[in-house]
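Chain order of the listed sequences is L, R, D and G. Taking numbering that gives the first Met the number 0, the leading residue of the first sequence gets 0, the next gets one more, and so forth. Taking numbering that gives the first Met the number 0, the leading residue of the second sequence gets 0, the next gets one more, and so forth. Taking numbering that gives the first Met the number 0, the leading residue of the third sequence gets 0, the next gets one more, and so forth. Taking numbering that gives the first Met the number 0, the leading residue of the fourth sequence gets 0, the next gets one more, and so forth.
Hints in this document: simulated from the structure, not taken from any laboratory. Source: prediction; values computed, not measured. Don't take every hint at face value.
To be clear about the criterion: a stretch of chain D counts as covered by chain L if any three or more of its residues have a C-beta under 8 angstroms from a C-beta of chain L, and this derived list gives those stretches [said to hold, decoys possible]:
#1 212–225
#2 286–293
#3 312–321
Backbone N, C-alpha and C fix where the C-beta goes; we use that ideal spot for every residue, glycine too.
4 protein chains.
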Amino acid sequence: MTERVVLAYSGGLDTSVCIGWIAEETGAEVIAVAVDVGQGGEDLDVIRQRALDCGAVEAEVADARDEFADEYCLPAVKANALYQGQYPLVSALSRPVIVKHLVAAAQKHGATTVAHGCTGKGNDQVRFEVGINSLAPGLKCIAPVRDYAMTRDKAIAFAEAKGLPIATTKKSPYSIDQNVFGRAVETGFLEDIWNAPIEDVYEYTQNPATAREADEVVITFDAGVPVAIDGRKVTVLQAIEELNKRAGAQGVGRLDMVEDRLVGIKSREIYEAPGAIALITAHQALENVTVERELARYKRQVEQRWAELVYDGLWFSPLKRALDGFVNEANQHVSGDIRIVLHGGRAVVNGRKSDRSLYDFNLATYDTGDTFDQSMSKGFIEIFGLSSKIAARRDLG
Amino acid sequence: MTERVVLAYSGGLDTSVCIGWIAEETGAEVIAVAVDVGQGGEDLDVIRQRALDCGAVEAEVADARDEFADEYCLPAVKANALYQGQYPLVSALSRPVIVKHLVAAAQKHGATTVAHGCTGKGNDQVRFEVGINSLAPGLKCIAPVRDYAMTRDKAIAFAEAKGLPIATTKKSPYSIDQNVFGRAVETGFLEDIWNAPIEDVYEYTQNPATAREADEVVITFDAGVPVAIDGRKVTVLQAIEELNKRAGAQGVGRLDMVEDRLVGIKSREIYEAPGAIALITAHQALENVTVERELARYKRQVEQRWAELVYDGLWFSPLKRALDGFVNEANQHVSGDIRIVLHGGRAVVNGRKSDRSLYDFNLATYDTGDTFDQSMSKGFIEIFGLSSKIAARRDLG
Amino acid sequence: MTERVVLAYSGGLDTSVCIGWIAEETGAEVIAVAVDVGQGGEDLDVIRQRALDCGAVEAEVADARDEFADEYCLPAVKANALYQGQYPLVSALSRPVIVKHLVAAAQKHGATTVAHGCTGKGNDQVRFEVGINSLAPGLKCIAPVRDYAMTRDKAIAFAEAKGLPIATTKKSPYSIDQNVFGRAVETGFLEDIWNAPIEDVYEYTQNPATAREADEVVITFDAGVPVAIDGRKVTVLQAIEELNKRAGAQGVGRLDMVEDRLVGIKSREIYEAPGAIALITAHQALENVTVERELARYKRQVEQRWAELVYDGLWFSPLKRALDGFVNEANQHVSGDIRIVLHGGRAVVNGRKSDRSLYDFNLATYDTGDTFDQSMSKGFIEIFGLSSKIAARRDLG
Amino acid sequence: MTERVVLAYSGGLDTSVCIGWIAEETGAEVIAVAVDVGQGGEDLDVIRQRALDCGAVEAEVADARDEFADEYCLPAVKANALYQGQYPLVSALSRPVIVKHLVAAAQKHGATTVAHGCTGKGNDQVRFEVGINSLAPGLKCIAPVRDYAMTRDKAIAFAEAKGLPIATTKKSPYSIDQNVFGRAVETGFLEDIWNAPIEDVYEYTQNPATAREADEVVITFDAGVPVAIDGRKVTVLQAIEELNKRAGAQGVGRLDMVEDRLVGIKSREIYEAPGAIALITAHQALENVTVERELARYKRQVEQRWAELVYDGLWFSPLKRALDGFVNEANQHVSGDIRIVLHGGRAVVNGRKSDRSLYDFNLATYDTGDTFDQSMSKGFIEIFGLSSKIAARRDLG
């Protein structure tokens, strides 16, 4: 019986060529699987047909947008997940949901191998392969670009030679990955890290310097989940989509950073994530109101580790599950409204309301109604500082 | 011999009244000490004379601006210190330098007690008293507002009865603390955390929504220290002052947050810190280029603890010293130029240059010259993910 | 209506005197509540009657031994909780369960206040009062020894004057707190930290230096819960009790340490916790076999924070609940058998067996059957070490 | 010009065969380098001659025992470095010092490559190669056992065919690595993790169950450095050697654990490290007396990361250097005497003395002389527990 390979298929030139390339390299039948995580672009049926036209024995397409939003983006919001304090893990979050569909297809079709279109120097190869290994330890992984030296030029030649129904125009100067949670751009001239990005690289966001009216939005959370925008009920997917539009129109969510890749190198990356940044900003502000201090302090460390793990491709790892245990418990009371002004590239919280609030007006106020017992402070200070004071007596001596 | 009390003197109504109030409560002689940490306002000589006119037996004023910048603000920049990920510790940084001057004055003048004007429900009382205890474990601390019930109304009545040379106009609606590193504002109507701040609360920053030309600035660091701006050599103090002006003019550095106080309550705070935010943003970006990944990941945790410790008033603690050991070592190679665009409330880094850079174009590029050996990745992924894979074999079983 | 005070009652001299003392100081009626956490000693009914004889208007006794083992000791075992890496939190664990019963009694009897017998310089006052505040924020707390200057001498005089039915013999040289999870001893001559403890201070453990036969025990865990000993099913309480006996007989579980109290001072403490130490040792060894590496590494940090929180009296805090979310998830697969040799003061694990094991003989063995693909290592090493290598190229240059 | 390879040479069969094997595989000249880290065994001159007899073009031997103790073991003691809370990093510490000598030899002799005898599934290959990459990024690394399939059987055949002057007796059942800081043993029958070790596997330690007299030792530290034993001045090397003898004679320092290797698998390891365990135990006890609480709590996390980094072969990494900055600062006051009883496999601290002590008898005592101001506690407790109390009011509502 012929071996079968499931291929992560995008509909573009590279993975279209992969279908035939893998068949030639391995003699296997190729099953193309395309997963919609909100990347936009062509219709899924068109993509499906192209895979078949390019030689796939089977082609499957899945609308995973709600699944992606609910099971991958939402945990990231709950964890305020920002790698290096900035990057909301756009691509890193989409890989595990794609992996899930690839593995399901492999099991359904009796494939022994999963193929993806990544190169050998990025993070995504790790996220695909470690993910696949963690969901189906018996599956093999191949990456034609990395393992079979399928360069861009060779891919174009292959497509032309075989008459594949796919445009082989010269490569765009941009290498792009996008989904509903954001968009990543790499391009040659930004590999000189002194060069500034130009407007041309952006698609999800307008120029923040352009004059326009501010947009004020109220986001309602229930136990960490965004459930309404300006009072209208939304799914998580809808929340992200609406905020992509509104925050994107105000130039919110652009990032320009030098990033530490898992494979040990630093790379320059441009991201746009208007919805993600708006949601996380609002969620953090609501946590400031509803999460107790010591839990908040510890959660910041957990958030960092969560983001690193997911960045590093360990979504399906035991540590990720245990951190989720913490994060979910910590989000139990993160309910209420956040008012946020989107304008000029900024997402600024200026109002919070919550019936789970720990902000106590009567303890906080300096006006009438103050219930804070200031006579307690003397004792607190004395004992809080005692171990430092004892050390000082020694160290100054 | 009469006891002596050193008072942290600001020149304002409250601490002017404190001079006589303390004398009446304790029978001690009061020595007023005013420390210039860049808070602006009246001339130090005027303040000094007022203290004497209000009954101080001695009055000392100290220009501690460079000391504050070099020994307190700079370590905060090296540690990218942002409490709750936002607040650059403006007031928290100034307390220890003031404490140092108070303690020196107490030792010089044979005082047994130090007094300050804080209330009993804020962080500053802790910072003053734990700091004093740590530099001079034998000194006593008093706070007339907290310990002798010196309310605002009683202070006004006292000033008028004694004919003190100080205005007793009705209290401003704002409670303000400011120094060269930033400005903190509290005010009654913002104690309703749903209310948005109004332009009137700001002084260090212009309205970010006002149309104006962007300002591009290049900040040069040497081992974590800002040493030049646009190629002109600067002291740390000059760097902060110039960036306060330029970033402030662009509306950069406004913060509106609900904060976890050390005394256990949440409070609403408005901050402006244009220079601090610009410097820390630039410093972080340069670290991204010059600090190795594992060190960078660990440093983020150290930064959080550093900020919490300083916020909590433990500047002079043994842990703070040991964390500084880490932070200084980590800053050894943080040298180079950062280009940053100040505009519309944003401080956006868009260029980095460093001869200590760890960014390696040839490893990062996808173009000609790529030296990354992609054949290594297969083995890396297999072993990097092995422990997760073994766990998966069990957990899926 | 007369105010009512619930008193944490032990049956000893101090708390017996407290009944009348509180009544005199406050005019309130006193309700005595004794909680059995396995401290041994007198019958609960005897204690109950004595409380009434000493003037309590009500007296309640509760056998909380299983509750203590299941809900307080067990989480500590799952968290391998050892404060300062050594102390299994014996007293710190018992306070919250006692607090729960005190608060329940206060609510049942309409009391406004809870009283306890602690001094003002230890950890237990914090654990009692913060616990009570967290379960019933409206209750007041009093501690006659601390708040009403009820010294030992005065207590004896009071007891004699009132003819209380309690022995007023001279105080034992030892200050002891004990429960089923262990025993704590403080005594004057050990306050000189150069002095060694003498055999007389120990009760739960035999002298480890005495020659005797070793005892080998197999402890079975299911998801972190000890469920059998030598194949016999046990409750958690039974597991602790049996191991107290068997490990205690071998001198296991003695601790002599200088400890950092929450109130800022260091104190010398002697502990005996044979069952706790045996259980935690076994549990750790089983985790080494069943918990994936990254989870195991992170859990060590969580364990430390868990132990500090509980030591610091924050059992009922939000952070504690979130850490439990992590710890429980991490214990999901901690199932299997640990063989442990108890002898000469040592508890030495020398065998592990688990059907949830992640130890893979075929990957680990150097003999026939080795399935580890060594060709993967080259790539792993190259990329794992790449960021260090790039930094080295710079730093050595 | 012929290429040159520097080989880490032990004098044993495997590395003796490597000399000729590498020459045949690569055509290079082989330079043998043996480093004495206290592993005992043959005289260095004998080893040197054997290398030459086996075909090395040059052979160097270095007595690195003091260097190893001072620059590698001592930092581990200061960091109380115990991987997984148990293993004192015996082999992990020796690799970097050997690497330093290999790199120096390579630079001296113009070699392009360094070779070592490790297999492809252990930690040591990583430690060698990442270390070499970090000290000399231009050097290549080879491992004949891993890269050229040099199995034990083939090695014996090679040695016999070439008449190498080395015994080719059947392999010992034990795979051993040892140095002055300890000894590691792996062996086939212990790969079944239910099997207990037998006395035969141990060499550095006597059976702890054998009856004998206890040995009491006083170790003096100065700023974290062991400087005297029983009042006699010692070097670090002498301290380790003497404690190896005395603690080893009492059966102290045996470990039996399942360990998480860097390469992703779990392995069963037996260690003996009597001197290391005695020193770390004493050092920890002295820290308990001389290190302030918050510093002590944070240092435990730093220690864990330090041990993981060194275990993982990242001795020469930037993070390691920054952690050392912390650890050295934290050890500044760790000076004084620790009395420790070595007996029956236990190393029990029972006395501490230090003129840098933070233990304050007058604050700690419950007897006459108590200076602790208990009236401060009420305020401390109220404010310390306030954030939990506010959360409780919400959560119980």
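Status of the hints after comparison with the structure:
1. With 0 residues bearing a CB less than 8 angstroms from a CB of chain L, the segment 212–225 of chain D misses the requirement of three and the coverage assertion fails.
2. A stretch counts as covered by a chain when three or more of its residues have a beta carbon under 8 angstroms from one of that chain; for the segment 286–293 of chain D and chain L the count is 3, and the coverage holds.
3. Counting residues of the segment 312–321 of chain D whose C-beta sits closer than 8 angstroms to any C-beta of chain L gives 6, which meets the bar of three, so the coverage hint holds.
Hint 1 alone, counting from the list given before, is not met by this structure.
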